[in-house]
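Asker: What follows is each chain in one-letter form.
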Amino acid sequence: MTMEFSEHIKTANVDDVVLKLPLRPALKGTLCVTAHHLVFSERKEEGSYQLLLLLRSVDAIEKRMTGLSGSSGTIVIKCKDLRILQFDIPGMEECLNVASSIEALSSLESVTELYPFFHRPRELSLSEPWGLSSPQQQYAQTERLWDRWRLSKVNRNFSVCMSYPRTVIVPCAIDDITLAKAASFRQGGRFPVLCYYHRSNGMVIMRSSQPMTGANRKRCREDELLLQAAIDESEMGYIIDTRSAQQAQQARMAGGGFESKAFYHHWRRLHRHLERGKVLQESLIKLVEACGDPSQNMDRWLSKLENSKWLSHVHSALSTAGLVAECVERDGHSVLVHGFEGTDTTLLVTSLAQLILDPASRTFRGFLQLLEREWVQAGHPFRQRCAHSAHSHARLRQECPAFLLLLDATWQLGRQFPLALEFSEVLLLRLAQDAYASDYGTFLCSSEQERCALQVKENTHCLFQFLLRREEREKYVNPLYEATDLAIWPSVHPQSLQLWTGLFLRWTEYAQTMDEAREEIWTIVKERKETDRPKGCAHTTLSRHDSFTNVENLMDELTVL
Amino acid sequence: MDHIRTPKVENVRWLDRLTPRRIAVGTLYLSSTHTIFVENSDARKETWVLHSLVGSVERLAGTPAGCPLLVRCKNFQVFQLLLPQERDCADVYASLAHLSRPERYGDLYCFSFQPNLDKEERERAWNFLDLLADFSRMGIPSNLWHATPANHEYRVCDTYPSELFVPKSASPAVIVGSAKFRSRGRFPVLSYYHRDTSAAVCRSSQPLSGFSARSLEDEQMLQAIMKSNPASEYVYVVDTRPKLNAMANRAAGKGYESEDHYSNIRLHFVAIDNIHVMRSSQQKLADVGDLRSPSMGDFLWGLENSGWLKHIKAVLDAGVFIAKAVAEEGVSVLVHCSDGWDRTAQACSVASVLLDPYYRTLKGFMVLMEKDWVSFGHKFSHRYAHLDGDPREVSPVLDQFLECVWQLMEQFPCAFEFNERFLLQLHTHVHSCQYGNFIGNSQKERKELRIRERTHSVWHHLWENRVEFINPLYRVDHNQTQGVLRPVTTPYCFKFWKNMYSPVERGVAMRLSDCLNAVREESQQLEEELDAHQEVPRETDAEQGIHTPTKHACLETTLALYPHATVPSHTHKLGQPSNICPPFLKNPRVLKLVTPP
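Taken in sequence, the protein lines are chains A and B. Take the first sequence: its position 97, counted from the start at 1, is 97 in UniProt numbering, and no numbers get skipped. Take the second sequence: its position 220, counted from the start at 1, is 220 in UniProt numbering, and no numbers get skipped.
These aren't lab readings, by the way, just hints derived from the structure by calculation. One or more of the hints may lead you astray.
To be verified - Each pair of labels, with its calculated beta carbon distance range:
#1 244/B to 34/A: 57 to 67 Å
#2 267/B to 512/A: 29 to 39 Å
#3 473/A to 58/B: 47 to 57 Å
#4 46/A to 483/B: 25 to 35 Å
Here a beta-carbon is modelled for each residue, glycine too, at the ideal position from N, C-alpha and C.
With the sequences and hints as input, model every part of the structure.
Answerer: Following this line, the structure appears as structure tokens:
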């Protein structure tokens with residue numbers, strides 16, 4: 001343990017601590033504070049319970065004195081994964097010491113002091129590959145991209161865009177000099193790059209940040225050329241702006257703006273307003289508060305649920321992603337998505353649209369690759385956004401649960417299409433947990449540049465690689481998965497969207513029976529696999545109708561009461 | 001046939017109100033029992049709607065395209081017809097308005113419905129459930145409880161069944177005296193006996209206590225109930241009304257038991273609102289399900305404003321209270337409301353579902369329905385408007401019980417042998433009048449109508465089709481199927497019952513249980529069914545207006561395997577201000593409202 005950590009630990013061990021966890025009887029044992037963990041061991045001969053809590057996962061802590069004249073204390077710990085636990089600690093001084101250690105060690109500022117830099121499980125080696133995917137790989141695997149799109153290393157030193165990876169996919173017709181100029185016209189240098197290629201019709205989804213047109217309606221020939229080169233002369237592209245038209249207008253006053261029709265002839269702009277930043281964060285806080293309200297009053301719950309607006313945000317995210325997907329698949333247009341910085345709602349929309357359209361992104365590996373490309377490498381500022389979750393009353397700075405919203409919307413897709421995703425809710429819960437506090441380095445930092453500078457890949461293990469190990473993977477797959485080539489169009493009727501109980505009510509009895517049900521599903525599927533399948537499954541019968549129309553006709557014949 | 005002036009109209013357009021994009025053109029036929037729509041397309045698709053399921057018909061303002069009729073069904077399906085001629089529209093409207101509101105029992109569909117069963121089979125079907133067998137299944141100790149002949153020929157109470165169980169120590173004089181002191185003679189009788197604790201759930205109507213009246217026999221009756229549970233020293237009297245309502249009843253010479261007069265009782269009120277509140281609440285809820293393209297805020301606001309989930313919670317809470325008293329405290333409970341046939345039926349049957357795993361099986365649930373609802377005189381024909389009558393009698397009492405069970409199924413996915421589809425089917429049959437089980441308002445009335453001789457039983461039919469209704473997650477030895485269910489009733493556990501109230505979207509998002517059933521299906525069989533289906537378009541017997549059987553059960557399974565394929569849903573046009581329109585229904589025939597026999 002380095003000096004810095006031990007400075008924060010005045011009392012390392014306390015005996016006779018009582019631990020209260022949700023849905024469990026109180027336990028008595030020893031509490032131990034280490035540099036990165038709280039360790040609680042029950043004092044019992046056999047089968048004693050152990051709790052290992054990553055200090056980074058502590059979102060907020062409350063302490064109060066109890067007992068006669070404050071002879072003992074209670075610490076309530078609210079975790080970023082929404083769990084709440086309580087320690088009753090004998091001795092006022094011990095209690096205060098433990099509390100201040102938790103406060104200090106759960107909010108270490110320096111990334112390299114965080115646990116992923118110290119996590120060294122025996123079964124993993126630092127020499128193993130880090131990450132699953134990269135724009136290079138994506139490019140290499142998509143042969144049909146090659147005649148119109150190229151890999152550019154214009155950002156190899158992160159000098160053109162701090163938050164982009166070193167390589168990006170851009171139209172062949174645009175050289176690096178033009179790219180650099182276009183970048184200087186986009187906020188944070190985030191010029192339009194390709195993020196998805198739709199094989200069936202060659203349309204693409206691109207993303208960027210807002211153009212810096214400013215109050216004087218500046219234009220940038222290079223940026224215009226770049227967008228023009230992404231589509232054919234005869235085609236029409238769509239720009240999905242995740243701000244309201246009014247917001248986009250107002251952004252001009254701050255130097256930002258939008259693509260004017262006069263200069264981008266072949267692009268049509270649509271505004272679909274998504275909330276962001278503080279509004280989303282407050283929405284999460286309100287929702288979690290509502291879920292923790294013990295009141296039995298139904299009206300109160302429903303109005304709190306509505307008032308949190310969380311489901312409205314899920315609704316808008318899925319609707320907008322559906323719109324993008326529809327542009328690409330149904331109407332055959334390429335799409336550019338951006339809002340302000342292009343690091344939050346933009347990524348939410350582009351990644352959800354890919355889940356709807358692209359069967360590859362619905363596999364276990366494909367989904368992790370999608371997250372890696374669209375969130376980690378694309379520069380979602382995890383470090384700021386996931387600094388705190390819903391319990392912290394610390395002054396919020398740049399926290400925003402955009403990633404959580406993606407996971408929620410993905411869960412909604414999985415609920416509506418129980419067979420379509422290869423991974424289960426359990427994976428989404430794991431990702432929700434690790435995005436906020438993790439043993440792994442994947443969600444550290446806010447950009448590739450930062451990760452390089454801090455040598456994250458050299459000194460931490462990769463969560464995605466870890467999850468794909470066979471023994472781990474099994475915990476997270478959806479036993480019902482059946483691959484399909486079709487797009488999965490979610491219903492965005494409010495009635496069709498539900499509260500993600502698995503996440504928000506995770507630590508209640510309610511979630512327990514759901515876990516039992518999940519186990520039961522596994523049992524059934526395993527039994528099923530054991531009893532030999534006699535012939536090719538009925539799926540193949542249907543898959544043989546490879547054209548969508550045939551399937552549609554068949555469906556027309558079906559009546560569902 | 002007098003009411004059908006225009007039995008056939010051509011070039012009618014049929015559309016689902018929520019999906020204006022999909023319009024089918026075809027011919028409309030009116031039979032004495034069904035509205036039938038046959039599409040002009042090559043497939044000649046047909047939609048059949050039972051008249052008895054039609055809740056209301058409304059003429060909307062005419063358009064250049066034709067005269068629209070809006071039809072709302074009692075199971076919350078909605079569709080619209082566009083007829084080219086004003087005159088035809090008026091005729092069809094008049095016919096439907098009339099046919100959907102029969103005035104006499106004899107006009108109900110069940111009396112003309114002829115499935116392919118001979119007399120013996122019909123009788124066997126009627127004997128499929130045996131209520132007496134259920135009482136002996138409960139393990140009633142014969143030294144404490146017994147069947148009383150008091151109500152033979154419905155002498156004491158004409159809304160009760162003739163077979164009733166009472167404490168053995170209650171003499172005929174006590175029974176008769178108690179009946180005289182209870183609204184409509186509905187004296188306290190056994191509904192459920194819990195073997196593990198010897199505690200019982202009894203039911204009755206309110207006492208005619210007014211402000212001070214008392215009845216020695218009635219007090220003795222409650223004493224007898226207490227004594228039939230030797231281990232306990234008191235009984236709970238659960239009044240399922242809000243206390244204020246119960247007090248108001250005293251002014252009318254009714255009310256509730258006074259703790260001063262009845263020794264050893266503990267009164268408990270559980271505030272379930274009356275049938276009028278429930279009726280308007282459900283109407284508001286249905287309006288929410290009906291909204292065209294609501295925002296999330298509209299939807300949640302509407303849900304809250306309807307108060308529906310609050311009422312569902314109240315019913316479930318009543319059941320939880322009773323189940324706890326019986327299973328945990330070992331104390332017997334007497335449940336009543338005013339007449340003891342609405343809220344009392346809800347509370348007793350929810351408690352039974354919680355207490356006894358048997359009632360969570362398919363057959364057990366049928367028995368429970370037959371016992372607590374049908375035999376104990378829940379007024380089906382009044383509540384579900386089988387005949388044209390007083391609209392103030394109509395109320396979704398059973399809907400609420402079914403929804404409580406659904407909410408429990410959501411919370412305990414492995415606890416029930418049957419699935420959501422079973423509940424929905426049951427709900428439809430309560431309204432459809434296709435079978436005789438739910439006709440009339442009491443056992444006595446059904447006897448007079450000779451229901452068993454003249455109509456068929458739905459239970460046997462549902463049992464024969466049970467493959468459709470089995471929950472794949474149910475396993476006899478699972479811990480959720482054992483013992484007493486202890487649900488959480490925190491408000492967040494209650495959900496909007498989408499497949500009941502927004503049925504238009506049925507078939508779009510697949511239910512997990514369906515997928516699991518699909519997994520369990522033998523693939524071979526599935527393949528055969530699929531082939532068979534492709535060859536055989538539906539045949540119909542137009543004369544009788546009855547469906548011939550189709551394979552839709554297994555095809556549904558096929559559908560479940562391909563939720564991906566069913567979903568084209570984004571119908572919005574680019575550039576339009578609206579967000580994504582509701583997922584569109586591929587096939588208006590989803591509105592098929594009757595299962596073929």
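Asker: Could you run down the list of hints and mark each one as holding or not?
Answerer: Hint check:
Here the CB-CB span from residue 244/B to residue 34/A is close to 60 Å, well matched to the stated 57 to 67 Å. Under the hint 29 to 39 Å, the C-beta atoms of residue 267/B and residue 512/A, about 34 Å apart, fit the expected range. Taking 47 to 57 Å as the suggested C-beta distance range, the pair residue 473/A and residue 58/B conforms, at roughly 56 Å. In this structure the hint that residue 46/A and residue 483/B lie 25 to 35 Å apart at CB holds, the actual value being about 28 Å.
Violated hints are absent here; each numbered hint is respected by the structure.
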